[in-house]
Structures are given as C-alpha cells and as structure tokens.
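Asks: We have chain A; now place chain B onto it with these hints.
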Amino acid sequence: MNLLNVKSVDKSYGGVIANHDVSLNVPEGKIVGIIGPNGSGKTTLFNSIVGHHPIDSGEINFDGKEISSLTIPKIARLGMLRTFQQTHIYGKMTCVQNMQISSDIDANWKRIFNPFSKEVDEMVDELLAFVGLYKKRFLLAGDLSFGQQKLLEFAMSLMKKPKMLLLDEPTAGVNPTLINGLIDRLRQVNEEKGITLLVIEHNMRVVMNLAEHIYCLANGTMLADGKPDEIQNDKRVIDAYLGN
Amino acid sequence: MMKENKQNTLIWLGLAISAIVPLLLPNHITVLTYIWVMIILALTWDMLGGQTGYTSFGNILFFGVGMYVCAVVQRDMFSSGLERFERVSEIVVNLSVSEYFISLAIGTISGAIVAVILAIILGSGILGMRGHYFAICTLGLGHAAAEITSGIEYLGAGSGMVAPLYPSEFLMGKEVFYYYSFLLVAVATFFLFKKIYKSQFGLALNAIRDNENKAESMGIHTTQYKIAGWSISAFFLAIAGAGVGNVIGFIDPVEIAFSGPTFGVWMIVMAILGGKGTIWGPVLGAIILYSAKETFWTYLLGWDKVALGLLILIVVVYFPKGILGYFKDKKQLSDSVLSPKGEG
Numbered sequence: 001m002n003l004l005n006v007k008s009v010d011k012s013y014g015g016v017i018a019n020h021d022v023s024l025n026v027p028e029g030k031i032v033g034i035i036g037p038n039g040s041g042k043t044t045l046f047n048s049i050v051g052h053h054p055i056d057s058g059e060i061n062f063d064g065k066e067i068s069s070l071t072i073p074k075i076a077r078l079g080m081l082r083t084f085q086q087t088h089i090y091g092k093m094t095c096v097q098n099m100q101i102s103s104d105i106d107a108n109w110k111r112i113f114n115p116f117s118k119e120v121d122e123m124v125d126e127l128l129a130f131v132g133l134y135k136k137r138f139l140l141a142g143d144l145s146f147g148q149q150k151l152l153e154f155a156m157s158l159m160k161k162p163k164m165l166l167l168d169e170p171t172a173g174v175n176p177t178l179i180n181g182l183i184d185r186l187r188q189v190n191e192e193k194g195i196t197l198l199v200i201e202h203n204m205r206v207v208m209n210l211a212e213h214i215y216c217l218a219n220g221t222m223l224a225d226g227k228p229d230e231i232q233n234d235k236r237v238i239d240a241y242l243g244n
Numbered sequence: 245m246m247k248e249n250k251q252n253t254l255i256w257l258g259l260a261i262s263a264i265v266p267l268l269l270p271n272h273i274t275v276l277t278y279i280w281v282m283i284i285l286a287l288t289w290d291m292l293g294g295q296t297g298y299t300s301f302g303n304i305l306f307f308g309v310g311m312y313v314c315a316v317v318q319r320d321m322f323s324s325g326l327e328r329f330e331r332v333s334e335i336v337v338n339l340s341v342s343e344y345f346i347s348l349a350i351g352t353i354s355g356a357i358v359a360v361i362l363a364i365i366l367g368s369g370i371l372g373m374r375g376h377y378f379a380i381c382t383l384g385l386g387h388a389a390a391e392i393t394s395g396i397e398y399l400g401a402g403s404g405m406v407a408p409l410y411p412s413e414f415l416m417g418k419e420v421f422y423y424y425s426f427l428l429v430a431v432a433t434f435f436l437f438k439k440i441y442k443s444q445f446g447l448a449l450n451a452i453r454d455n456e457n458k459a460e461s462m463g464i465h466t467t468q469y470k471i472a473g474w475s476i477s478a479f480f481l482a483i484a485g486a487g488v489g490n491v492i493g494f495i496d497p498v499e500i501a502f503s504g505p506t507f508g509v510w511m512i513v514m515a516i517l518g519g520k521g522t523i524w525g526p527v528l529g530a531i532i533l534y535s536a537k538e539t540f541w542t543y544l545l546g547w548d549k550v551a552l553g554l555l556i557l558i559v560v561v562y563f564p565k566g567i568l569g570y571f572k573d574k575k576q577l578s579d580s581v582l583s584p585k586g587e588g
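For the protein sequence lines, the chains are A and B, in the order given.
First residue of the first sequence? That's 1 in this note's numbering, and the numbers climb one at a time after it.
First residue of the second sequence? That's 245 in this note's numbering, and the numbers climb one at a time after it.
Certain hints may be false.
[As the list claims (entries may be wrong)] Below, computed lysine to aspartate or glutamate pairings styled on EDC-like, alpha-carbon distance capped at 20 Å: (1) B:K572 <-> B:E248; (2) A:K161 <-> A:D121; (3) A:K65 <-> A:E28; (4) A:K74 <-> B:E456; (5) B:K572 <-> A:D143; (6) A:K161 <-> A:E28; (7) B:K565 <-> A:D143; (8) B:K442 <-> A:D125; (9) B:K442 <-> A:E122; (10) A:K92 <-> B:D573; (11) B:K442 <-> A:D106; (12) A:K163 <-> B:E343; (13) B:K438 <-> B:E248; (14) A:K160 <-> A:D125; (15) A:K163 <-> A:E212; (16) B:K442 <-> A:E119; (17) B:K439 <-> B:E248; (18) A:K193 <-> A:D104; (19) B:K439 <-> A:D106; (20) A:K7 <-> A:D225; (21) B:K439 <-> A:E191; (22) A:K74 <-> B:E460; (23) B:K442 <-> A:D121; (24) A:K7 <-> A:E66; (25) A:K163 <-> A:D184; (26) A:K163 <-> A:D63; (27) B:K442 <-> A:D63; (28) A:K30 <-> A:E191; (29) A:K160 <-> A:D104; (30) A:K92 <-> B:E343; (31) B:K574 <-> A:D143; (32) A:K160 <-> A:D106; (33) A:K30 <-> A:E192; (34) A:K160 <-> B:E456; (35) A:K161 <-> B:D573; (36) A:K30 <-> A:D184; (37) A:K160 <-> B:E460; (38) A:K92 <-> B:E460; (39) B:K575 <-> A:D143; (40) B:K418 <-> B:E343.
Keep in mind the hints are simulated off the structure, nothing from the lab.
Isolated chain A, as found in the complex (with noise of 0.2 Å):
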C-alpha cells in the first residue's frame, strides 16, 4: 500500500516552474529516496507536500486522505513530519525541553497547564539516549554542533510518533562519523518503529545504501526512477549530474 502518492504536481514561484508534472509513490514501511543537481525543485516538493505553500495542480494523498488544501499543523498531526536542510531546533531551550515540547501536548487539552507527564520524560530520555545526546541533555539546544543539532532534531520528530518522516538532507554538514552512526539510527527506526522514511539526499554514498527505491528530479521534472543500482547506471541521471 501507497502511504503517500504525489500526482503530477505542479508548482512555479511567478515564472520560475520549480516543480511540473511530479509524481511519486511511497510504499508503506520502506525507505524511499530523492536526489538531483541543486535548483532540480526537492526541497519545494517537500514544502508542497507537508502543506508550507499551496500547489498549483495536481494531488497529494497520505495514509488515503488527500492533504494538499491543509495546513501545516494539521497535516503534522496527521503523522507525517519534516526536518529541515538547516536546523530548526528551538535554541534557547535544553534539549530535554526542546524533546517534551515535541510529544504531543495538544492530545489532552485539560492537561495544558500541568508539567510534562512522567511517560514524556521517560521517551525523552530513551530517545535521547537513542540519538546519542544523553549526556548532553541538559545544554541549550543552540549550543550544540550543527551534527548534534541535525540529531536533536531528529529524535524530537520521533518524539511525535510519526507513521511517515521526510528529511530534507540529514546528512549535511555531518561529520563522516557521525554519518555512519545516523544512517544506522534511520534504518533502524524504519526496520524497529516502522516509520516509513522519504530522504532527500546529495550524499550518493548515503543514498544508494539507504533507499530501495530512488527518485531523480532535475530542472523541476521527474527525470527518472528505480532500484539504486539502475538509478547509478541511468545515463540521463548522470548527465544530469555532470551537466551535460
């Protein structure tokens, strides 16, 4: 079953066509990529799905619902959640605060004006512990490295219990070791939690390893798809990629 189909999609800031004609499919449970030349339109076909902006035709349907009209919150709270290129990770918070503010507070509304229950704590921890930043639990998230961020960020999407996670280059500015340690921390949620995963990815290293299925957008079109190793030996990807 399809958790999210993408239906020739089209979207263009004034004249500048960002995205055309885009569809994808992601199966339920897998691990699915997206890759293609800076400016190819993956980051505006992110924002299109999770609702940051509306599209201009075409469809968008996660787990049977078509989301394309709603907004942001609304479609979090339908459990697909994204993290950015850049960190996006609330600063001036420690990091256990910037976890607690990730459960979902809003599922008891009576309970608003209490602490955080004792179950939120005790994910907080086991998730911190997950990403590697237990020890580092009471520092303010702004003080952290830019890796450390990116895994922060990480765990507090997971916090959420999401079914669908987009990640828009989790590996970026990652140091080399702390990159085999994420990809192992994504399979893993994918394999243990079930939480099917969309990547966008520059990393061809990271991405072939990963994803059983890939995607590549260039120039605002879906220029081609398929299992890893077809996607490598593709001569359009590569041309793509070497600007020919």
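Replies: Below, chain B alone, put in the same frame as chain A:
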C-alpha cells in the same frame, strides 16, 4: 532543590514584609500600591513580550477597557433612580458599603471578561502576523481606543468619568483596602504565571519564541497558543485597570485609561529592565523602575525624566538582556564550562 527552598523562603519573607509595610509607612501607601500595580502590568506584558517573543505595544488597551467597564458597572448598577446630571463626566454616585463592593467586584470581573473577549477577537485577527508586523499593528490599538472613547457620550467622552466615592463608613480606609487588593492580585498573578511557565503551555510559548516555523511544522497550533497567552494577560491587566480607575478616582481616556506614554510604555520598560522571559524579571523591573521614578520625582523635580531616561539608557547599554538576563547568561556560561553534563 535547595534553590527552590531558598526562593520560597524569600517569597514568604517578602510577602510578610509587604503585609505589614502599610502600617509602618502609612504616608507612602499609595506609592506602594502602585508598585503592586506595576508588577501586574510588567508580568502580564511579559507573557507575550518575553515568553513568546511577541512585542506588543497595545496591551494598554485591556487596561483601559477594564477601567471603563468597571466604572460603568459601578455607576449604573445601583443608581437607576439617581437624578442625572447634564454631563456624564460630572456624575458621581454615592453608594452604600455593600453596594460599593458588590458593584466593584462585578465591575472588575465584567471588565476582565470583556478584555478577554476583545483579546480573542483582536488576537485571531492580528496574532497570525509574525514578529515585527504584529508589533507595528499593536502600536495603534491604545490610541484608537482612546479616540473612540473620546467620542462616546455614554462614557463621558473626552472629559472622562468619575469613579464612585469610597464609602467612608467602611472600617478599612480606601488606601489600605486597595493596597491589599492589589497585593492579592499581584501575588495571584505571579504564582499563576509561574505555574503556567513551568507547564506544557509555557514551553509551547517558549517554542514559538525560539522557532515558530519549527513549532508549526511539529503540529503546534501556534496562533491559538498566542491568543490564549494574550487573553490570560488581558484578564489580569483589566483587573488592574479596574482597580487603578478607582484609586485615581478620575478616568480620562487619553491621560489615564489608554495612556500609552505612561502605563503603556512603563510595562514594557519594566519587563525589559528586569529581564524579559523570566518570572522574576518583571517583578524586579517594576520595583526598580517605579521606585526610581518616585525617588527622582521627589528629589530631582524638573530633571526627573532625564534621570529616568539615563537609568534606562544604562540598563539597555550594559544589561541588554535585563538585570536577570545578565545573571542568567553568566550562570549558564559557568554551568556549561564547569560541568559539561550541565546538571542544574
């Protein structure tokens, strides 16, 4: 844990002193009353201005609304048989003890409710705006309210209204009664806000301050939280307004009720001076600024505003994050350097 205990002891000590101070300094009781008022103003401003990072220049609106609604209720509740004067601004009602306090209580609560409704309506309109745009939008609120009120004869128009006379036969003097009332409201506001800032709701406000886009993408309905925060502020601000109208005894739309240049600016300056985004900052700022203002006014008359400006200048230059913000930063630095685990 030690810190919490120490803080509680300090609070109780302060409250004990505050409770007996009017007996020791009977001549300064009005000034002391105003310190409690200022604490309420600064605390309520900080809910949105400090904790949520949304600078509002229009909170004075709720202060004035509380003042006017309360004054109208006090005037009209028991006085239907009274002969009407030619001008509304000259109506002074004489109420019995029970009438006075019943109309004061109902007036205050009605004022607070009207202010909350107004905050919800206005908030849904303008709290969708981000940061500076919201700030600019609130600039006109107080001024507009003053202009509108100045045109309504029912509210005394530009000449304002007179609060009912305090019943002299009541066993407690007017100054003493309002001193303790404001003490109670300020303390209640403080403890409630303290609880809120430690709750999930408070952390959501902080999240909006730090990164609203992220908060939204994590499914937090940011606008609703901002409106809720503003409404809570409006509630207590209106209560303060209702009381201040009675303490002054005369309500003028421009100079008192919707007075941007005095109460409207002070509440912001006090919160920033003490350290915005902290619970103690606004309290400290209110005490320091109002004491300084009164001291300068007493000893440097003519130069008092210059001295006050200089004080604000010094704080802004040397303590840009406020007095508490300065110490908080220092502590955090030493925490992260001395103990990398950051236990604390």
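Asks: Hints first: check each against the structure and report whether it holds.
Replies: Hints, one by one, checked against the model:
no. : hint              : result
1   : B:K572 <-> B:E248 : 16 Å, holds
2   : A:K161 <-> A:D121 : 15 Å, holds
3   : A:K65 <-> A:E28   : 14 Å, holds
4   : A:K74 <-> B:E456  : 15 Å, holds
5   : B:K572 <-> A:D143 : 15 Å, holds
6   : A:K161 <-> A:E28  : 15 Å, holds
7   : B:K565 <-> A:D143 : 18 Å, holds
8   : B:K442 <-> A:D125 : 19 Å, holds
9   : B:K442 <-> A:E122 : 18 Å, holds
10  : A:K92 <-> B:D573  : 11 Å, holds
11  : B:K442 <-> A:D106 : 16 Å, holds
12  : A:K163 <-> B:E343 : 61 Å, violated
13  : B:K438 <-> B:E248 : 13 Å, holds
14  : A:K160 <-> A:D125 : 14 Å, holds
15  : A:K163 <-> A:E212 : 18 Å, holds
16  : B:K442 <-> A:E119 : 17 Å, holds
17  : B:K439 <-> B:E248 : 14 Å, holds
18  : A:K193 <-> A:D104 : 17 Å, holds
19  : B:K439 <-> A:D106 : 18 Å, holds
20  : A:K7 <-> A:D225   : 15 Å, holds
21  : B:K439 <-> A:E191 : 41 Å, violated
22  : A:K74 <-> B:E460  : 9 Å, holds
23  : B:K442 <-> A:D121 : 14 Å, holds
24  : A:K7 <-> A:E66    : 11 Å, holds
25  : A:K163 <-> A:D184 : 19 Å, holds
26  : A:K163 <-> A:D63  : 9 Å, holds
27  : B:K442 <-> A:D63  : 36 Å, violated
28  : A:K30 <-> A:E191  : 9 Å, holds
29  : A:K160 <-> A:D104 : 6 Å, holds
30  : A:K92 <-> B:E343  : 51 Å, violated
31  : B:K574 <-> A:D143 : 15 Å, holds
32  : A:K160 <-> A:D106 : 11 Å, holds
33  : A:K30 <-> A:E192  : 12 Å, holds
34  : A:K160 <-> B:E456 : 17 Å, holds
35  : A:K161 <-> B:D573 : 34 Å, violated
36  : A:K30 <-> A:D184  : 15 Å, holds
37  : A:K160 <-> B:E460 : 13 Å, holds
38  : A:K92 <-> B:E460  : 17 Å, holds
39  : B:K575 <-> A:D143 : 15 Å, holds
40  : B:K418 <-> B:E343 : 15 Å, holds
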